[in-house]
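Order-wise, the sequence lines are chains A and B.
So in our numbering, spot 196 of the first sequence is number 196, and the numbers just go up one at a time.
So in our numbering, spot 189 of the second sequence is number 189, and the numbers just go up one at a time.
One thing to keep in mind: the hints can contain errors.
[What the hints assert, rightly or not] In silico contact screen, one side only, chain B against chain A (beta carbon under 10 Å); selected entries:
#1 R4
#2 R5
#3 G43
#4 E46
#5 V73
#6 V75
#7 L93
#8 D98
#9 A111
#10 P197
#11 T233
#12 E236
Please keep in mind that the hints were generated in silico from the structure rather than gathered at the bench.
No experiment lies behind these values; they were computed from the predicted model shown.
The C-beta atom is built at its ideal place from N, Cα and C for all residues, glycine as well.
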Amino acid sequence: MSEVVIVDYGSGNVRSLRAALERVGAEVVVSGDPMIVALAPRLMVPGQGAAGPAMETLRRTGLERAIRSALTSGAYLLGVCVGLQLLFESSEEQETTGLGLLPGRVTHLTGVALLPHMGWNDVVPVGPPHPLAADLPACAYFAHSYAIVDPGPCTVATTEVDGVTFASVVAAGRVAGVQFHPERSAAAGQAMLRGFLSWSNAA
Amino acid sequence: MLRRRIIPCLDVSAGRVVKGVNFVNLRDCGDPVAAAVRYAAQGADEICWLNITADKESWSALLRQVEQAAREVDVPVTVGGGVSEERHVRELLGAGADKVSINSAALRSPALVQECAEAHGSQCIVVAIDACRSAAGYRAHAAGGRVATERDAIDWAEEAARLGAGELLVTSMDADGTGAGYDLELLGAIVDRVAVPVIASGGASGPAHIAEALARGTSAALAATIFHDGTFTVAEVKAECRRRGLPMR
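Using the sequences plus the hints, can you model the full thing?
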C-alpha cells in the first residue's frame, strides 16, 4: 500500500485531500510532526491563502527541515496550490522566500480580467513526457491569484487565462507540484493522484 | 479556457435540503450530502450549501455534515449561512469547506471580510448579497432577506470586493423562486463594477435563464428548484449553455 503523509501546518484543505487520496487507495497520515514528515516515503504539501504566513509556519515548526530531510532520504513530494508555490525560490506575494527546490519566482496573475482565477480550466502537457503527465486531468479546478507565469524548464503542463500562460504542473527529480486542486477536480483529479502514487512507486 | 460554472444550491435547514418561494414556504427536498454527491455526478462544477438555521446546536451538526460532504463530494463546496465571525470561517474550512460565504455579518461589520480574507485568502471568501429593488435602486438585505439595510447593493458589491471577497454571490430577492429568470439588470450592474467572479442567483426555471446570466458576464450561475425538482439535470443545463457558445466543462 502507498503511504502518503499530508503535511498538516494549518493551511489548505487537508480533509478533502485526505479523502481523495483514500479514494485512490493510499494509506494517508495527516501530520504536523517533523519526525513523521522526515520519515515519509511520499509527502503532500497542501496550502491556501497567502504564501508568506504559510512559509513562515513551515519554518517555525521545523517542518521545512523535515521536508528537506525526507527528500534527502528519497521521498517524493507533491505540492498543491500554495504548496506548489512554496517549492520555488521566491514569491512576489509578501516577498516570500520559498523552499527553493525548483528554480523560479511566483508572481501575481497581472493581466487576468477577474481574480482570483477561479474555476475549471484546461491543463495542457508541454515539454518532454513526464510520468505525471499521462494522468493529468484535461480540465481541473483552480482558485488562486498568484502563479509561475514564466514557465521554466520544470514545467510539465500549462494553463492559460486571458492570454496569460502559467505553469499548472511542475516537476523536477522527485519534487512535483500542481497549481490546481486534484482533490476537487472530480474523477480526473483522482486519476492524477493515482498517477502520483504510481510515479512514486515506480522507482 | 476558463469554463463557466453551474452551481446547484442546497438551502439546508435542520440538516435537510429545503426550498421555498421568495424566501418563505419551505419544503423538504432530502439529504444534503446525498444531493451534493448526485449533482457532482451530473457534472456540477461546484456545490453551494447555505445553512438557513443559525442556532448553536445546528452549528456543530452543520460542521459534522460538512465533514461528511468533504469526504464524499469531489468538486468544490462553498458553505454559508450563520457565519458571523472569523472563527466560523476557520471551523468550516477545517471541516472541509473549500469556500465560506458571508452575508449579514459582512453588512454589519465589513471589516470581517478583510479579516477573513487576510487570514485565509480571498479565494475562499465569498460575500453573498441579497438584493431587493426599491424606489432608490437595489438595497442589500440582511438576515436571510428579512431586514432591509440602507446599503445600495451595487455599491456594497464593489466594497466587498475591495475588502477582499474573492467572489460575490448575488441573489435577486425579487426574482428568487419566481422562475422568471435572473435579474440581468442587477447582475450586469455588478459585473461591470467589480473584477472578481460573480455568481448569479435567484429566478432560474430553465437552461435558457442560466445561459442568459452567463452571457451577461457572470462567472457562474446558481440554481436550486430546477435541480431539486428534477426538471432539468446539470448536464442538460450545460448542453444548452454549450449550444450558445459558452465555455463549459
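Which earlier hints can't be squared with this structure?
-> As far as the earlier hints go, 9, 11 and 12 are violated by this structure, in ascending order.
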